[in-house]
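*Asks:* Sequence:
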Amino acid sequence: MRIIAIMIIKNEEANLPRCLNSIKNFVDEIVIVDTGSTDRSIEIAKSYGAHVYEKNCDITLQQNGETITRLNFSMARNESVKRGIEVAGEDKDFWFYQIDADEELAPMDASPEEFKRRLTMIHPEVSALVTQFYEMKDGEPVLPFTCTRFFRAGRNLHYVYIAHNRPIIDGLAGATDIVVYHYGYSNPETMNKKWLRTLPLLDKRLEDDSDDYNALFYRCITKIGLNDVQEGIDDGIRCMELMPEKNPEKLGFYGKLYYVIGWAYLRINDGDHAYNWFKKGLSFFPDDVDLNFSMAQLGYICKENDMLKEYAEKYFKAIEKYESQIKPKFKGFFTGMKREDMPMPVRHIHNATKSSMESVRKWLEVEGL
1 MRIIAIMIIK NEEANLPRCL NSIKNFVDEI VIVDTGSTDR SIEIAKSYGA HVYEKNCDIT
61 LQQNGETITR LNFSMARNES VKRGIEVAGE DKDFWFYQID ADEELAPMDA SPEEFKRRLT
121 MIHPEVSALV TQFYEMKDGE PVLPFTCTRF FRAGRNLHYV YIAHNRPIID GLAGATDIVV
181 YHYGYSNPET MNKKWLRTLP LLDKRLEDDS DDYNALFYRC ITKIGLNDVQ EGIDDGIRCM
241 ELMPEKNPEK LGFYGKLYYV IGWAYLRIND GDHAYNWFKK GLSFFPDDVD LNFSMAQLGY
301 ICKENDMLKE YAEKYFKAIE KYESQIKPKF KGFFTGMKRE DMPMPVRHIH NATKSSMESV
361 RKWLEVEGL
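Take the sequence shown: its letters are residues 1 to 369, numbered as in the working numbering.
If you are wondering where the hints come from, they were derived from the structure by calculation, not from laboratory data.
Among the hints, a few may not be true.
What the hints assert, rightly or not - Listed below are the simulated DSS-like cross-link pairs for lysine-lysine, each with C-alpha atoms no more than 25 Å apart in a straight line:
{"#": "1", "residue 1": "K116", "residue 2": "K55"}
{"#": "2", "residue 1": "K280", "residue 2": "K246"}
{"#": "3", "residue 1": "K137", "residue 2": "K193"}
{"#": "4", "residue 1": "K279", "residue 2": "K303"}
{"#": "5", "residue 1": "K137", "residue 2": "K116"}
{"#": "6", "residue 1": "K24", "residue 2": "K10"}
{"#": "7", "residue 1": "K204", "residue 2": "K193"}
{"#": "8", "residue 1": "K246", "residue 2": "K279"}
From a predicted model like this one, the values you see are computed outputs, not experimental measurements.
Starting from the given sequences, assemble the full structure and let the hints guide the process.
*Replies:* Laid out in structure tokens, this is it:
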């Protein structure tokens with residue numbers, strides 16, 4: 001049983017050593033597609049024994065009457081899969097591990113040999129494994145989310161969407177407690193560059209299919225991030241209208257929109273609409289950390305002390321539940337394995353941080369509660 005890491009990179013010399021150090025003793029091969037680095041990325045990758053392939057995966061787009069180029073992420077990802085299969089040669093019994101340069105595999109209790117032994121024991125219907133991610137901020141793991149990153153070979157793995165790509169594979173997925181740290185979103189300047197880079201790609205997706213609700217979801221977040229708040233709100237509302245799944249409890253990470261849209265209304269000082277979106281979300285997700293935090297915040301802003309006290313208490317209870325269920329384990333054991341269709345990621349949790357908890361305590365203190 002082999003594990004082949006697949007990556008796409010461009011100008012990642014600052015991140016690559018941390019990433020590759022975390023996987024060098026865990027995987028058998030590292031396959032990297034470089035899409036145009038002008039720094040030392042290729043040199044660094046080769047120093048770790050990586051197989052490096054250079055390929056231009058840009059596409060041409062029109063923006064405000066100008067011709068621009070952007071990376072087609074799925075094209076690059078699919079090239080890495082192709083190259084991984086080539087490196088494997090005649091070996092068909094292996095797993096892909098897809099990782100990005102700004103990520104770090106957390107230490108496991110299981111040795112690489114034990115981890116591979118466990119891979120051999122996974123039910124043959126399972127073609128993919130879901131990992132737990134944590135955004136790193138000031139050295140603290142925050143903003144948890146999930147991504148499907150391990151893929152069994154020979155199951156038609158491929159990626160779709162030119163931006164915010166998604167893996168597609170034949171078979172079912174299983175949950176794991178594998179933990180990965182992500183360093184790409186903690187810097188506001190980095191996030192702004194990412195939004196500006198991906199917006200034309202999302203616009204292209206919507207030009208090709210105006211009912212692409214997944215693109216609308218990401219465009220909502222991107223527009224709000226770029227301070228085009230009302231347009232972002234409109235995208236989010238249209239996304240929810242177009243989604244084929246109408247059961248809120250099955251919305252997966254799209255359920256985040258109740259928080260995102262409400263928070264956006266707060267940014268434009270529309271407390272009434274913010275309240276309505278937060279309350280509607282809480283009617284479906286009463287233990288949601290972000291929604292309870294936002295209602296407590298709204299209570300503080302509006303000097304509604306009963307509201308502040310009620311939702312501050314619910315917020316801290318939600319935090320306790322969150323920490324008992326999703327706290328990092330760093331084990332690499334496939335606990336609670338269940339087989340299901342390829343899942344969408346769970347929605348991000350923004351306010352399970354020390355700073356958020358301190359804010360709520362301060363609001364209570366200021367109001368003498």
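*Asks:* Keeping to a limit of 25 Å between CA atoms, is the pair of K204 and K193 held or broken?
*Replies:* It holds: about 18 Å lies between the C-alpha atoms, which stays within 25 Å.
*Asks:* With a cut-off of 25 Å on the C-alpha distance, tell me whether K246 and K279 pass.
*Replies:* Given pair K246, K279 holds - Cα atoms ~18 Å apart, limit 25 Å.
*Asks:* Run the distance test for K137 versus K116: straight-line Cα separation, threshold 25 Å.
*Replies:* 31 Å, violated
*Asks:* Between K137 and K193, is the straight-line Cα distance small enough, at 25 Å or below?
*Replies:* 18 Å, holds
*Asks:* For K116 and K55, compute the direct alpha-carbon distance and say whether it is at most 25 Å.
*Replies:* The hint is violated at about 31 Å.
*Asks:* Is K279 within 25 Å of K303, Cα to Cα?
*Replies:* Holds: K279 and K303 sit about 18 Å apart, inside 25 Å.
*Asks:* Do the alpha carbons of K24 and K10 lie within 25 Å of each other, as the hint requires?
*Replies:* Judged against 25 Å, a Cα distance of about 20 Å means the pair holds.
*Asks:* Keeping to a limit of 25 Å between CA atoms, is the pair of K280 and K246 held or broken?
*Replies:* 14 Å, holds
Checked against the numbered hints given earlier, this structure breaks hints 1, 5; the rest are met.
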